[in-house]
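**Q** If you want the building blocks of each chain, they are given just below.
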Amino acid sequence: MTSGITLEIPAKAEYLSLVRAVVVSAAALDPAVEDQRLEDLRLAVSEATTNAIRSHANLGSEERITIRCGLTDDRIEVEVQDRGPGFNPEKLEPAGPLDQPGRLSYEGGFGIPLMRVLADEIKINSADEGTTVQLVVYTPPATDSPSAPSP
Amino acid sequence: MLGITEEFHNNWVTLQINGEIDMATGPELRQRIVQYVQDGHMNIVLDLTNVDFVDSTGLGVLIGGLKRTRSHGGDLRCIGLTEPLKEMFKLTGLDTVLTQEDK
Numbered sequence: 000m001t002s003g004i005t006l007e008i009p010a011k012a013e014y015l016s017l018v019r020a021v022v023v024s025a026a027a028l029d030p031a032v033e034d035q036r037l038e039d040l041r042l043a044v045s046e047a048t049t050n051a052i053r054s055h056a057n058l059g060s061e062e063r064i065t066i067r068c069g070l071t072d073d074r075i076e077v078e079v080q081d082r083g084p085g086f087n088p089e090k091l092e093p094a095g096p097l098d099q100p101g102r103l104s105y106e107g108g109f110g111i112p113l114m115r116v117l118a119d120e121i122k123i124n125s126a127d128e129g130t131t132v133q134l135v136v137y138t139p140p141a142t143d144s145p146s147a148p149s150p
Numbered sequence: 000m001l002g003i004t005e006e007f008h009n010n011w012v013t014l015q016i017n018g019e020i021d022m023a024t025g026p027e028l029r030q031r032i033v034q035y036v037q038d039g040h041m042n043i044v045l046d047l048t049n050v051d052f053v054d055s056t057g058l059g060v061l062i063g064g065l066k067r068t069r070s071h072g073g074d075l076r077c078i079g080l081t082e083p084l085k086e087m088f089k090l091t092g093l094d095t096v097l098t099q100e101d102k
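Protein chains in written order, with numbering that gives the first Met the number 0: chain A, 0 to 150; chain B, 0 to 102.
Bear in mind the hints are in silico, worked out from the structure with no lab data behind them. Remember, predicted model here, so these are calculated numbers, not experimental data. One should not assume that every hint holds.
Claimed, not checked - Straight-line Cα separation of at most 30 angstroms, BS3-like style, residue types lysine-lysine; simulated pairs:
hint, chain 1, residue 1, chain 2, residue 2
1, A, K11, A, K90
2, A, K90, B, K89
3, B, K85, B, K102
4, A, K11, A, K122
5, B, K89, B, K102
6, B, K102, A, K11
7, B, K66, B, K85
8, B, K66, A, K122
9, A, K122, A, K90
10, B, K102, A, K90
11, A, K11, B, K89
12, B, K85, A, K122
13, B, K66, A, K11
14, B, K89, B, K66
Unchecked claim - The calculated label-pair distances, taken between Cβ atoms and stated as ranges, are:
hint, chain 1, residue 1, chain 2, residue 2, range
15, B, D74, A, G101, 36 to 46 angstroms
16, A, K11, B, Q30, 12 to 22 angstroms
17, B, E5, A, T65, 36 to 46 angstroms
Note that the Cβ used here is the ideal one computed from N, Cα and C, for glycine as well.
Pulled out of the complex, with its shape left as it was, chain A reads as follows:
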């Protein structure tokens, strides 16, 4: 069984906390999801939505970002879709560890690596007309309801 929600937001940073709250609340409808996985999802969704908002920097405010969150028996799927200019995820160069000399001079480069660590699956489809990031977090199987007592 699949259930889910769709959010459309203006590309403005002040909507980030709303997106996090809604997606995590939706995911928490599955009582089997552990708190740690909800925290993973909260951060991963925030990173994906932040990147989407940044990608809209040169677009009109009418262009919306779409966030879909679906729950199935074994997973939570979140899709963040923007309409900004795309990028080639294969060409992203790792920023390197923070204790590397000179690394502190660059404050970015954490978003996509964090998403890769936090989500169980991530797919990035990017083209000139926009980017879709799909995040999947596996959920434990629902425990069977206790069987009826034997007579």
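Add chain B to chain A, keeping to what the hints say.
**A** Structure of chain B alone, referenced to chain A:
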């Protein structure tokens, strides 16, 4: 919306922060840190007891603050990290460069 209260002790300023540090609120914290350093307060403690969420934008603000204070002979430290924040610092390697202390 980020709540920031300041407290001066010896040559350290402690900022108690309330809220979430992300793309919406990070610029405000960044500006405050820049201003303290400009005013000669190069040693800054961020009390994150009441911060339950920091994303990579917030992380960038901390890294920027660390770089700025150290380049002026000071330091930036964090206290009161919640478990999710400790985990995030570990994941990104921030724990290797930024001093964290318990309260």
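**Q** Check each numbered hint against the structure and report the violated ones by number, ascending.
**A** 6, 8, 10, 15
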